[in-house]
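Undergrad: Please take these sequences and the hints and turn them into a complete structure.
So in our numbering, spot 105 of the sequence shown is number 106, and the numbers just go up one at a time.
Note that these hints are calculated values from the structure, not bench results.
Hints should not be assumed to be uniformly reliable.
[Said to hold, decoys possible] 27 Å max Cα-Cα, derived DSSO-like pairs, lysine-lysine:
1. Lys763 to Lys711
2. Lys132 to Lys195
3. Lys370 to Lys195
4. Lys437 to Lys482
5. Lys132 to Lys155
6. Lys608 to Lys435
7. Lys292 to Lys219
8. Lys542 to Lys578
9. Lys219 to Lys543
10. Lys435 to Lys501
11. Lys370 to Lys339
12. Lys435 to Lys370
13. Lys132 to Lys152
14. Lys292 to Lys122
15. Lys284 to Lys219
16. Lys181 to Lys194
17. Lys608 to Lys670
18. Lys325 to Lys299
19. Lys339 to Lys360
20. Lys597 to Lys543
21. Lys785 to Lys840
22. Lys195 to Lys339
23. Lys122 to Lys212
24. Lys195 to Lys206
25. Lys212 to Lys155
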Amino acid sequence: MLDKANTLANLTSAGSGTIGDPAQLIMLASLLPGDSAPHKRRRMEDPSRIGQQWFRATGAFRGEGSARYAGSNNRSNGYGYQKTGYSQAAPRFGKAVCYQCHQPGHYASQCQQRAWREIVKDEWIMSVVEKGYVIQLGPDPIFPEPEGLRKSAKRHIDFITSEVAKLVESGAVTVTESPKVISPLHVVEQGEKKRLILDLSEFNKNLSPPKFTLETWKHAAPELRRMSFAATFDFKSGYHHVKIEENSSDFLAFSLTDPPTAPFYKYRALPFGLSTAPWLFTKIFRPIVGKWRREGIKVWLYIDDGLVVAETKEELTRAVSIVKRDLERLGVALADEKCNWEPSSVFTWLGFVGDMRRKTVTLSEKRYKAVLHRLEVIKGRLAPTVLDRERFLGSLSSMLFVAGNEAQARSRHMQSAVATARREDWPETRQIEKTKGELAEIRFWSENIRRLSSTTLEENFRPVWRVYTDASADGMGALLKNLEGEVVCRISEVGADTFKSESSAMRELKAMRMLARRIAGWIRGAVVCYLDSQAAVAILKKGSMNSEWQEIAEQVWDALQTVGNVRFLWIPRELNKEADFASRDFDFDDWGVDQKVFLWAQTRWGKFKCDWFADEANAKTQLFYSRDPCKCSQGANVFDHIDVAKELGFAWWVPPSNLVPQLIAECRKTSMRGVLAMPLWENHVSFQAILDSRGNWIRQLVDLRVYPAKDRIIVPGTGSMYCGRMSTPVCETKFLVEDQNSTPSTANTYKAANEKRQKWLKEKSLSNDVESFILYLADQASEKSSSALAISSAAFELENGPMEMDFKTFATDLIAARRREEVRARSSPPLLQASDVAKIIETNLVLGDPKTERDTLLALLSYAALLRASEVAELKWSDVTKETKMLKITIRSAKNDQLALGRDTFVDCQPGSTLELLLLRWRINNRSEYVFPNMHNWSKLSASAVSSIAKRLIQRSGLQGTHHDFRRAAANILLQNGLRREEIQNRGRWRSDQGMARYLRDSPEAQGFRKEEVQEEEVQDPHEEHSYAFKLAV
2 MLDKANTLAN LTSAGSGTIG DPAQLIMLAS LLPGDSAPHK RRRMEDPSRI
52 GQQWFRATGA FRGEGSARYA GSNNRSNGYG YQKTGYSQAA PRFGKAVCYQ
102 CHQPGHYASQ CQQRAWREIV KDEWIMSVVE KGYVIQLGPD PIFPEPEGLR
152 KSAKRHIDFI TSEVAKLVES GAVTVTESPK VISPLHVVEQ GEKKRLILDL
202 SEFNKNLSPP KFTLETWKHA APELRRMSFA ATFDFKSGYH HVKIEENSSD
252 FLAFSLTDPP TAPFYKYRAL PFGLSTAPWL FTKIFRPIVG KWRREGIKVW
302 LYIDDGLVVA ETKEELTRAV SIVKRDLERL GVALADEKCN WEPSSVFTWL
352 GFVGDMRRKT VTLSEKRYKA VLHRLEVIKG RLAPTVLDRE RFLGSLSSML
402 FVAGNEAQAR SRHMQSAVAT ARREDWPETR QIEKTKGELA EIRFWSENIR
452 RLSSTTLEEN FRPVWRVYTD ASADGMGALL KNLEGEVVCR ISEVGADTFK
502 SESSAMRELK AMRMLARRIA GWIRGAVVCY LDSQAAVAIL KKGSMNSEWQ
552 EIAEQVWDAL QTVGNVRFLW IPRELNKEAD FASRDFDFDD WGVDQKVFLW
602 AQTRWGKFKC DWFADEANAK TQLFYSRDPC KCSQGANVFD HIDVAKELGF
652 AWWVPPSNLV PQLIAECRKT SMRGVLAMPL WENHVSFQAI LDSRGNWIRQ
702 LVDLRVYPAK DRIIVPGTGS MYCGRMSTPV CETKFLVEDQ NSTPSTANTY
752 KAANEKRQKW LKEKSLSNDV ESFILYLADQ ASEKSSSALA ISSAAFELEN
802 GPMEMDFKTF ATDLIAARRR EEVRARSSPP LLQASDVAKI IETNLVLGDP
852 KTERDTLLAL LSYAALLRAS EVAELKWSDV TKETKMLKIT IRSAKNDQLA
902 LGRDTFVDCQ PGSTLELLLL RWRINNRSEY VFPNMHNWSK LSASAVSSIA
952 KRLIQRSGLQ GTHHDFRRAA ANILLQNGLR REEIQNRGRW RSDQGMARYL
1002 RDSPEAQGFR KEEVQEEEVQ DPHEEHSYAF KLAV
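TA: This is the structure in structure tokens:
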């Protein structure tokens, strides 16, 4: 056999000499047929082991291997090439000639060409079927230099030798003498599977493959949603069903040596590696698929992988029988081990597992492990190779149906690295260190690969929100709408200095990022995002190779992950006018006031309930109104909600200067109390609004403070940054903070305090400065109260501005020392006992009298739930819930509730108790939403009115005390009954333990002694019938 191989090598080497490498001779010998070959003997001894040769070897007699010689079990490969070999059971019809194709060996009824012509009417396709595919080269083709077996392929030499032997035996490959193009062989590893590919990358540059569509899961999914059963089939070596025309086959040669030497081999069948192969194969079988679809069969064919579906088993069985019969008539060989003809609701096609019952599609376990392995390779190497990246990107590409656009969008940095390597012509083995963007992508896939490996066939996107964004040359605008079309949030932002020079796509992306960051963590639910830039939509869907665009797109995706599913859609500019207007309408008055000013005003005049002119960035209180709809806002334009805003309570006003006159007009019309902060621009219309006809402050301004010019009290906003006067923290003019509609005596008190100080300074011949004021304060400390000293200090700062820190600290310490003296001198108020509370209830309760029933219920509930007077006044029936033997009272605004979520206090409420009876009786007589209303007009009582009622009840009982004594008494009784301080603090809603400590009195029980240890015998409670009111549950 070696002699034969050497001789053949000499004959085909065209004078190049003999092959001296014994390994090459042994490999060549294994490819040559001969009687001495062991596999030949096995085939002759065992007819059942006859191999399938779809392409008849050169010189074989046409009668041999025909369908008639091989018997009914023999199949051809199609297109005229029959299997060789003999069947002992088959009759011999050596002289039979087909009148259809004029070839011997079969009758016309068995002719595959006849079957093809019955279905296919395209003459070009039939010419390929009958004569082979003619490779169409471009103008002035350039053939690559001959290339032999590569070093990377030599490690697979055993596999290559085996595969080439099979191809020669089947007739798909034959020995040739003088090929036109010699290309290298390449081995692709797909897990444990290997595939032999002819590397025609250089030759393919001469070809122009037409554009066509491959039928994938994307095309099948709409039909699969209503189907119940499926079957799959797979061709055996599908490409090898297509013949190559003899002259064209000279372009598809290869050699098993390096450099390439004879013997040479060429493909007579369509090889893997030819760029036109997918298009050609799809085009040939497209009429066959069309024939099935005309017969009502739901079928898809991706190259040589087929899928058939139906609603019932019977329909699928009929469809499968037609498909199998046609493929057999056409001579198509099937890979029986890969075909699943039995109807099933779960099937595998193109590497995905479809479940017709659950309507889900999942990456097959084999493919999932392959993707995971390639991810781990990339993740584990500091500098992965170009090939590592290409393999991982190929895996992501195969996940496109289940992962969606994220498969592309979340791999752009890696794609960019591969593109750079190709552009620079770097070898695929070159190692490249991972970039920051690649590291982020690897981290994303590590966290999300399982989630993105499956999807549903059903459409489950149900949008809850609609977003519209736009960008102009000046800035960005966005709107958030609910399903009813109501504007929930409107955002405008001025662009930076370079904004105008940026591309429109960049500006649109920044507008979407602005909105995404605003709504992240605020809303929940599916969102549809509308943009009028097709480029921006494409980038937000699939990412971009431009690193700047990709970075912004990633920021949008990350922000919207907390919201829900998102879709980006393009709309015409005419339908996006609101967002377009928002991109040109900016709030240049979005400046705010420094926190120190706000805290000073709150300390001076009281806690603010609502900020009337704010946004989510500069709001000082939880409740606020904004210029435009935005997150957490009570409404847009406070003047449209003026009646509701007034009811919210003490207001903080920092309006745009042009709105000051309107605000003052509202103050004149109705009784409102708030603090106004504004710059004193004497040339502005706002200045004259706060002056009367004589140039004095209007009478509504009852207390004020003027900050000097150049003070750092301004907090610039994104819009005011472009407004000269409010673009920096330094206020260039004086700044006024004033209390409107406050108690008129406040201003008079400060005025009187300053007059007394001025008189003292005059008597002492001292100047009006801070040092003299400290002397005055020390002199008065022995005579005046701490409150009077605090008024003197506030009056001095109102007239002269804030004191320096050292002087301020001294004044504060002086006032605090005086207050401590007052506390030590003050006698402790008497502590109400449980018996006192019972006496108050018995003395004042007159059944049948609604007013006394209301008042006694007020006292009893204040004691049981440790309620403050302000909490009693705000209590509504909706805040009181009866739960079996428990009463739940919800306090909407508690001191220890900084987030304003509401705090619940639970009170024991036994059936038939005094509390339950009074609640039921009063609920019938009450016509207000408030539990304790004014009985004349059923409006809400004020906190002072609640205190007056409690004080009157206590005095009628012959006791002394206030409403707060109910709270103090309950806290001490709970402590004596053994409750922990933390439990008492929670029940009474104290903000801190220190604040609660002022209410508690020392007692043996409070220090751990049991009751029986401090009294000789248990004293019977004389008011046992009111047990609920005085025995609180522990």
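Undergrad: Can you give the numbers of the hints that this structure goes against, from lowest to highest?
TA: 1, 2, 4, 5, 6, 10, 13, 16, 20, 21, 25
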